[in-house]
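Visitor: For reference, the chains in residue letters:
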Amino acid sequence: MEMIKVEDLAFEYIRRDEDGNVESINRAIDGVTIDVKKGDFVAILGANGSGKSTLAKHINAILYPTEGIVWVNGMDTKDDKNLWDIRQTAGMVFQNPDNQIIATVVEEDVGFGPENLGIPSKEIWERVEKSLEAVGMLEYRTHSPNKLSGGQKQRVAIAGIMAMKPACIVLDEPTAMLDPDGRKEVISTVRTLNKKEKVTVLLITHHMDEVIYADRVIVMNEGHVVMQGTPKEIFSRVDEVKSYRLDVPQVTELAYELTKAGLNLPEGILSVEEFVTALNQLSR
Amino acid sequence: MIRDITIGQYYPANSVIHRLDPRLKLVGTFLFIISLFTFNTFYGYIAVTLFLVSVIKVSKVPFRFIARGLKAVVVILLFTVTFNLFLTPGDPIFKLGFLKITREGLRFAAFMGIRLMFLILGSSLMTFTTTPNQLTDGLEKLLWPLRHIKVPVHEIAMMMSIALRFIPILLEETDKIMKAQMARGADFESGGILKRAKSLIPLLVPLFVSAFRRANDLAMAMEARCYRGGEGRTKMKPLRYHGRDYVAYLILLLYIAILITVRILEGLL
Amino acid sequence: MQIIFDKINYVYSSGTAFERHAIKDINLTIHKGEFVGLIGHTGSGKSTLIQHMNGLIKATSGHIYFNGLDIYDQDYKLRELRSKVGLVFQYPEHQLFETSVFKDVNYGPKNLGLDKLEAEVRTYEALKMVGIGEELWDASPFELSGGQKRRVAIAGILAMKPEVLILDEPTAGLDPRGRDDILEQISVLHKESGMTIILVTHSMEDVANYVDRILVMNQGSLVMDEPTKTVFSRYKELEQMHLAAPQVTYIMNALKQEGFHVATDITTVNEAKLEILKELKK
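Protein chains in written order, with our numbering: chain P, -19 to 264; chain S, 58 to 326; chain L, 7 to 288.
Extracted from the complex, chain P is given alone in its bound form:
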């Protein structure tokens, strides 16, 4: 069963001058087709301007397709009557942690979504507590968001989405503005939610080390899907990945360079352990 199904999606940003005449058309997404199954952890990789964020905004019905169809849990995003159901089903976390926290107290921010859904107070409290616990921020419930680190703020933002009980979370470059610690916090939180709460995750990023845990990686370039596969499959094609303005983890690059120099190492090595094992076998 598909959680998200995107069919031949195209999206054009149209710029108009003061008189309303079309000045330029920028086709940010062109002919994109993807499926995300329930419970999957899918990563979308792409350089800046590859269209990955534009794609993400379609799944939450912030943008509507110029061409093609986007289905979220069987609902067509273009159909107005589905709007709020879609936004509740596919929660979205954005890049800038400051610009998505609405309240001045952590727990009240987490309660914002359920309040909008018209949930009774008593249940809001239960959901807030459960969500904050799931992201490991329960002890900060009465704190001001201004005093938190970037990683903590993003976890609050994730809790705010979890409190709406979504079936799927779309994270649009949630770690781009964070330091390494913050990035680790956010990624491990997302992985836990995927494993324990069975939430479907769509993670959009350009950090390679964050996608090695994904079930599937989709690479975008200039509005198109150019690669799809498991992290191993993707990272075994180092030159191709690099041609899309992306990068591979150092260990993958090292293995790849050694292979080019004549060593017989397996393709797509993603971790230090794998690398050491492979080298051990080789030297024996």
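Honestly, the hints are just simulated from the structure, not real lab data.
Please note that a few of the clues may not be correct.
[What the hints assert, rightly or not] Covered stretches of chain S (in silico footprint by chain L; criterion: 3 or more residues with CB under 8 Å from a CB of chain L, positions within the stretch not fixed):
#1 194 to 207
#2 233 to 245
[As the list claims (entries may be wrong)] Short, incomplete list of chain P residues facing chain L, as computed with Cβ under 7 Å:
#3 Gly0
#4 Asp159
#5 Ala241
Here the structure is a predicted model, which means the values were calculated and not measured.
Even glycine gets a Cβ: it sits at the ideal position worked out from N, Cα and C.
Since chain P is already given, all that's left is putting chains S and L on it; use the hints.
Guide: Chains S and L only, in chain P's frame:
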């Protein structure tokens, strides 16, 4: 200077005043301010002072904290007092050159000074004991009937709470942009008014751009979390009156009654 | 010796409840023409430290000497210092404000009181240095892509012809190629003009690839000031400060434990490759 402004700050403490319903505190502050202007007699002010002092005592907010709020208005305070002291016509009791102090002036200046001080103390006590969120919630609920005459009460309250969240962020940002432009040789301090005003452009443009970007992001984040105005929204922390609030309302009534009695008695004497 | 810090302390909101000792007893010397990396966990005092270098923050105690002069002397001109020690803040594109790219970069040199021609020549050179083509000079800076905006902002500092260039996380938020482009340009700048460069970053891979010497800040103190390789060989200590070594350093250490005879003071992919090949060919 900015640091001296304590109005709007919250002082966390565990007191009955902190726990009171924000609606009651808003109404109470309003009544208190009215009382300052209507019962301006000697005995009346004794009652007002007693009331204010006991509320401060109960609130557990240290007096020096509340008094700090006065520092921000000390200039206005001195100005008003001096103005009233020297310029009120009447029975002169002191004369030096063209300066003269009248009995009426003295009385007037004293009342004016006390009135202003009490005004600041009273309203800052409210903000010290009420979180900004409670305050906006209280205001929303109090003004709720006004929506019948098309006042966008929910929207105003939402705007206030968003402003409260973003003011510190924007202040920090102002500081950052200012430093960044200073690193490019900007000079915000010297020159005439025109030059100084012009030197603010490199600060204001980025600040506006950033504020709009944040507003845009925030609007998107709110919509993504199913925000669609006040209709059909529930509250995580709905305001509900407790026993202590009714008692407090009773005390407020009593306070007004005492003032009226004092006024009537004074009239009789 | 270009910049000397002599027992620099900075205390925020001194005397209030919010008092915080941001940096403690910093002694430090930066030599002309060096390429130095500055690393440290968020809140370790890195930003406070670099803002002392161009006088934006005045130390609570201690002295700073720039080219032999005490910058806290009464008649020292701090504005002049700011043009000689160029500081590129994090997300510098957020300070762009002019109507055209050229005018924006011209803002710094104009503030220095140079004559019009000289200011424009510097603007021209700075834009060339960061690789912004002439076709973009009349465009509004707000219409550029993220990476271009960042380069224009860096040009805004370069146009003041600083002797020292400090960059606070110049690659934050950029994609891998954008990151490499900026770092490559900085490296060229260092090599060609001999400019002293201080690079503040969270990316250990970046510092390993470019800098000769690393300063490590932790809780307001300067805890390490050593050549790049030495700092990364102390990766266990770095981890305790929420830092790390580049991934290749970990690989080499793991190999060594498995009995491979490889050096462990390796910090770049290329070095690692050569070292492993050497070991396997034995």
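Visitor: For the restraint on Gly0 of chain P, tell me whether the closest CB of chain L is nearer than 7 Å.
Guide: 19 Å, violated
Visitor: Okay, the stretch 233 to 245 of chain S and chain L, do three or more residues pass the C-beta test at under 8 Å?
Guide: holds (count 11)
Visitor: So, Asp159 of chain P near chain L? Judge it on the closest CB pair being under 7 Å.
Guide: Holds, because the Cβ-Cβ distance from Asp159 of chain P to chain L comes to roughly 5 Å (cut-off 7 Å).
Visitor: Taking a Cβ-to-Cβ distance below 8 Å as contact, does the stretch 194 to 207 of chain S have at least three residues touching chain L?
Guide: violated (count 0)
Visitor: Going by Cβ atoms only, is Ala241 of chain P closer than 7 Å to chain L?
Guide: 6 Å, holds
Taken one by one, the earlier hints fail for this structure at numbers 1 and 3, listed in ascending order.
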